[in-house]
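Undergrad: Sequence:
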Amino acid sequence: MREQNRTSVLSRRGFGALFAAAGVSEMAAQQVPAQPPAAPLAAAPRRPGPPPETPPFDGTIEFTRNDAPLKVQPFPMTQVRLLPGIYRDAQLWNRGYMHRLDAGRLLYNFRRNAGLPTGPSQPFGGWEAPADGKHGTELRGHFTGHFLSASALLFASTGDQEAKEKADSMVAELAKCQDKLGGGYLSAFPTELFDRLDSGRNLPWAPFYTIHKIMAGLLDVCQFAGNKQALQVVEGMAAWAARWSASKTEEHMQEILNVEFGGIAETLYNLAAATGNADWAKAGDRFTKKRFVNPLASRRDELRGLHVNTHIPQVIAAARRYEISGDLRFHDVADFFWWEVTSARAYVTGGTSNGESWQTQPRQLGAELKRSVSTAECCCAYNMLKLTRHLYGWNPDPRYFDYYERVMLNHRIGTIRPEQGYTQYYLSLTPGAYKTFCSEDQSFWCCTGTGVEEYAKLVDSIYWRDGQGIYVNQFVASELDWSEKGLKLRQDTRFPEEQGTALTVTAAKPVRMAIRLRIPSWLETSPTVKINGKTIEASASPGSYLTLTRDWKTGDRIELALPMRLAIEAMPDEPQTQAVLYGPLVLAGDLGGEGLTPQLAIGQMGPRVNRAALEIPAIHAPSSAPVSWLKPAAKPLTFRTTGQSKDLDLAPLNSIFDRRYVVYWQVA
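Numbering (my numbering), first residue to last: 1 to 668.
Hints are supplied without guarantee of correctness; some may be wrong.
[Said to hold, decoys possible] Simulated pairs of lysine-lysine, DSS-like, Cα-Cα distance not exceeding 30 Å:
id : residue 1 : residue 2
1  : 180       : 248
2  : 553       : 534
3  : 228       : 457
4  : 176       : 282
5  : 530       : 488
6  : 509       : 553
7  : 485       : 534
8  : 646       : 631
9  : 485       : 553
10 : 485       : 457
11 : 509       : 71
12 : 553       : 488
13 : 646       : 370
14 : 553       : 71
15 : 530       : 553
16 : 290       : 248
17 : 71        : 646
18 : 457       : 164
[Unchecked claim] FRET-style restraints, in silico, Cβ to Cβ:
id : residue 1 : residue 2 : range
19 : 593       : 636       : 17 to 25 Å
20 : 228       : 83        : 29 to 37 Å
21 : 622       : 255       : 33 to 41 Å
22 : 64        : 159       : 24 to 32 Å
23 : 200       : 76        : 40 to 48 Å
24 : 172       : 568       : 52 to 60 Å
25 : 622       : 442       : 48 to 56 Å
26 : 92        : 276       : 36 to 44 Å
27 : 593       : 99        : 28 to 36 Å
28 : 551       : 83        : 20 to 28 Å
29 : 636       : 99        : 54 to 62 Å
30 : 440       : 593       : 16 to 24 Å
Please keep in mind that the hints were generated in silico from the structure rather than gathered at the bench.
All values reported here derive from a predicted model rather than from experimental measurement.
Here a beta-carbon is modelled for each residue, glycine too, at the ideal position from N, C-alpha and C.
Between the sequences and the hints, there should be enough to build the whole structure, so can you do that?
TA: Following this line, the structure appears as structure tokens:
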């Protein structure tokens, strides 16, 4: 986790265009040209021009509020609801897990640190164990912050009153702890950790990382659940962090930033935006790690050796800084980083990292995969999705959502355990791997925290809007209530099992606007689109939007066909190492569940894979087309190899549980 001692410490977590539709008749369908693909995932373009000759972040960073205009915005979560389907299932499993977690246990370490009675509650284990416990950690309290965020998001996306009431009660108790500690500092561990951080001796385990989670949780409860007391508490914490960081020289602060500090700058920027107090943004600027952001702003990939999830939150903070200041240096950090990671450091699932770091040069993913079985930390997927949302708001290129969809379907749906709601730490892509999950109350890893947040906010990027109308970016069974326009849009689909979607309008009165449908890059040809049962002549190429403009009225129905095809994605450095996709779905070969037990799956960060003991069949391909060795099987979305020494069944990776699997094949 700490960069300066990466080897020994990493065991902790081991266009271009806003499409304006001009109505030329009662119904106008406008085609937007497709964009050229980029490998391995379609990526939006970077800013053109040569890199700067001097480090962009030399000297003191000055903050001036000057909001950058956003071209599109997501609909508020309160206006979108999930309908039955795979996303709703994940939401309900996560909701059940959250309801089972006791507020008293979540507050135990905070009360104890403040010298307040802990009551009858027992502490949690894992990363939330108290200091004198057998497995006590210095990250205790971080999950409570995640839980507050998840509760606020769950309330916004479902109206869950129980989630709001639990969060409100926790905020009130945290306020008591803060008062007892002096009115500013609030944590589940003493300030002694910050003394060690300041001294540079016996470095602690990421105290600002934990403070960030608590602050972010409180601000989310304020913004998404309307709790004003939470704002008072988080401003007290911000004032403490601002004083602490202001007392350090810039040189010393840059040394301090070598210890993971999470996205505290993002929360300080969000707080500045919410309150209009520029002091919080100025405090956030002190958490700009220059040796990390300077190469990115100069469009250089110097990511090798870095701990991945230490740094993605810093890029999200840069994106937020650009949005509230218009400072293009921060824009360039986020823009280049996203492009480089998604096009050069992402596996077929869209996930990134191995052993929590980037261990090779870019586009050496075949070599990267061999370094360990601990590929694709789930926190990284969560944070890359957050970053994608920012960039899409600046430039609504549909290819951002090609990536977003790839990650959601393969690295998020399918990494939550059915019914129990447990989530993963690593989604291992090592041949012969199997899925492992957190436990009920003895894990509380970083990915447990981002997990409860992820599945609480699955409505947050299905629909976006601008001044002309709606963008439909995900094919998810859901309903949008655009109350300001008196219009509802219901999306009925079983995608991806069903290769299409249907949208039905309900309007208080006819509304003239554009509805833009994302036409995914993975489609082979332009899709068939019907309005009110009639096929329209205009369509759009894969990797673009189809814009439909008309006076929409109650009963209008759009049907979009989304035919999927088999495709191969090879490692850039090892063309013979290949994965198979069906549409946006990563397919995995089923190697069976022999020898797998609950003990191997539950409470384990990653799988135990003895590569030498596993027989992973190689694939003989008569041609480069995957249909030459894969044939449809009886169940939807499943296939079977043909003509191999040992034939296997393939199914979507997100559907495989309690089985060993293979995603990357050796193909000759």
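Undergrad: Does each hint fit the structure? Answer for all of them.
TA: Tested hints:
1. 180 <-> 248: holds (26 Å)
2. 553 <-> 534: Measuring from Cα to Cα gives roughly 16 Å; hence the hint holds.
3. 228 <-> 457: Roughly 21 Å between the alpha carbons, so the hint for residue 228 and residue 457 holds.
4. 176 <-> 282: Holds - the C-alpha atoms of residue 282 and residue 176 are around 28 Å apart, at most 30 Å.
5. 530 <-> 488: Satisfied, since the Cα-Cα distance of roughly 19 Å is no more than 30 Å.
6. 509 <-> 553: holds (6 Å)
7. 485 <-> 534: holds (26 Å)
8. 646 <-> 631: holds (14 Å)
9. 485 <-> 553: holds (12 Å)
10. 485 <-> 457: holds (24 Å)
11. 509 <-> 71: Holds, because 27 Å separates the two Cα atoms, which is no more than 30 Å.
12. 553 <-> 488: Given pair residue 553, residue 488 holds - Cα atoms ~10 Å apart, limit 30 Å.
13. 646 <-> 370: holds (24 Å)
14. 553 <-> 71: holds (26 Å)
15. 530 <-> 553: This hinted pair holds, its Cα atoms lying about 16 Å apart.
16. 290 <-> 248: Answer holds: residue 290 to residue 248 is near 16 Å, not above 30 Å.
17. 71 <-> 646: Answer violated: residue 71 to residue 646 is near 52 Å, above 30 Å.
18. 457 <-> 164: holds (14 Å)
19. 593 <-> 636: 17 to 25 Å: Roughly 22 Å apart at Cβ, these two residues keep to the hinted range, so it holds.
20. 228 <-> 83: 29 to 37 Å: Given a distance of about 33 Å, which is inside 29 to 37 Å, the answer is holds.
21. 622 <-> 255: 33 to 41 Å: The hinted range 33 to 41 Å is violated for residue 622 and residue 255, with Cβ atoms some 59 Å apart.
22. 64 <-> 159: 24 to 32 Å: The hint (24 to 32 Å, Cβ to Cβ) is violated, given that residue 64 and residue 159 are roughly 39 Å apart.
23. 200 <-> 76: 40 to 48 Å: Holds: the Cβ-Cβ distance is about 44 Å, inside 40 to 48 Å.
24. 172 <-> 568: 52 to 60 Å: holds (55 Å)
25. 622 <-> 442: 48 to 56 Å: At 50 Å between Cβs, range holds.
26. 92 <-> 276: 36 to 44 Å: For residue 276 against residue 92, whose Cβ atoms are near 38 Å apart, the range 36 to 44 Å holds.
27. 593 <-> 99: 28 to 36 Å: holds (30 Å)
28. 551 <-> 83: 20 to 28 Å: Given a distance of about 26 Å, which is inside 20 to 28 Å, the answer is holds.
29. 636 <-> 99: 54 to 62 Å: violated (32 Å)
30. 440 <-> 593: 16 to 24 Å: holds (22 Å)
Checked against the numbered hints given earlier, the structure breaks hints 17, 21, 22, 29 and satisfies all the rest.
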